[in-house]
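Novice: Residue numbers (my numbering): 6 to 424.
I should point out that these hints are in silico values taken from the structure, not numbers from a laboratory. Values in this document were obtained by computation on a predicted structure and should not be read as measured data. Only true hints are included.
Okay, derived cross-link-like pairs now, DSSO-like style, lysine-lysine, Cα gap no bigger than 27 Å in a straight line:
(1) LYS70 <-> LYS358
(2) LYS161 <-> LYS274
(3) LYS26 <-> LYS58
(4) LYS35 <-> LYS222
(5) LYS58 <-> LYS70
(6) LYS222 <-> LYS70
(7) LYS70 <-> LYS31
(8) LYS35 <-> LYS358
(9) LYS222 <-> LYS358
(10) LYS26 <-> LYS70
(11) LYS70 <-> LYS35
Here are the simulated distance ranges between beta carbons:
(12) ASP166 <-> ARG218: 50 to 60 Å
(13) PRO163 <-> ALA131: 18 to 28 Å
(14) ASN20 <-> TRP152: 46 to 56 Å
We put the beta carbon where it would ideally sit given N, CA and C, even for glycine.
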Amino acid sequence: MAEYSALALLWNALNGNRDWKPAWRKAVPKPAYDVIIIGGGGHGLATAYYLAKEHGITNVAVLEKGWLGSGNVGRNTTIVRSNYLLPESIRFYDFSLRLWENLSHELNYNVMFSQRGILNLAHSPAQADDYIRRGNAMRHEGGDAVWLTREEIARKVPGVDLSASARFPVVGGLLQPRAGTARHDAVAWGYARAADRRGVDIIENCGVTGFLREDDKITGVTTTRGEIRARKVGVAVAGSTSRLLQIAGIERFPIESHVLQAFVSESIKPFVDCVVTFGGGHLYVSQSDKGGLVFGGDLDGYNSYAQRGDLPLVEEVMGEMVALFPAAARLRLLRSWGGVMDMSMDGSPIITKGPLPGMYLNCGWCYGGFKATPASGFSFAWTIARDEPHHVNAPFTLSRFARGSVIDEKGAGPTPKLH
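Use the sequences and the hints to build the structure in full.
Specialist: Laid out in structure tokens, this is it:
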């Protein structure tokens, strides 16, 4: 497989890029594996990589129904952060952020991780108090958080409307300097290549159509490319989780699938050098390396498995964008896309064994899937390999819903669309 270095880059530049090798093999499914991971997105690929690297389990197949990266890992706004309120969330996402900081070196693949910071704008004294409380909670858990005044925000993000006539006056903002963005496609490709180099089979265009069982235990899957047996089967399919579990006979599960849209504008000169979120609504925006403004907002608000959204939400997000950045009003929209979110009932993920013997679940990521990729893969691999949770994912059990001990990160109640 391809090896990347400055010397390899120079050599291929001189010979017309004729000698680059494939980043990963086009594997053919074997009859049996030690572990099958269903889902070739960021979480599935990261899980396979850490199974091989951390636990020496290399007889692993990653099954992807389409092409690698065709799901949510390629349909997000690339934001990486750990600015949460609850201790369980802060610890998990800050662990992920620490993995992000060395990921390009570890994978020998540039995932274009840029720690440009994320700024949460506050528009009232009450919201400022809430953000400062969150910043203190982050610092208490060893994270980083800085409060910025209006004057400091004006210097950092001059495009924001800080005028007295603004519909949502800005009173300050919470900055997490270590947060930032990464290139979503590169993350998928980097994990795929690194897993392949350690012997993992990545099998594309291989949809799962059923589960093999011995009594209640899952012993493999049936696919569009035949039966494949395994001692353990991990499910990491994001918005398709409930549909896949229905195939396994599980009709009730505490998640819903919703559409989340994202957008990118035409390229412009440097305009905003960090991630900015709008506290007067739900908007998050950053500028890509190509110059486009990448932004998104709320869910469309209805259950769907379609990777596309509707126009009312487009209008809402554009209105918030112009309210925050008036200079963006005349920009042209370059493209938009939709991802299918698996929204849990408390806004927090599920990484656990079960609900059937031999099955392991990684789902319920809501808005947090992309930034969680390294920690999700690491802890899910740990859970699969050792049949016990890693300490960072120990709180995110399925049984918490039966016990009533939910991890309600946003305090919005048991309505997934509110998370």
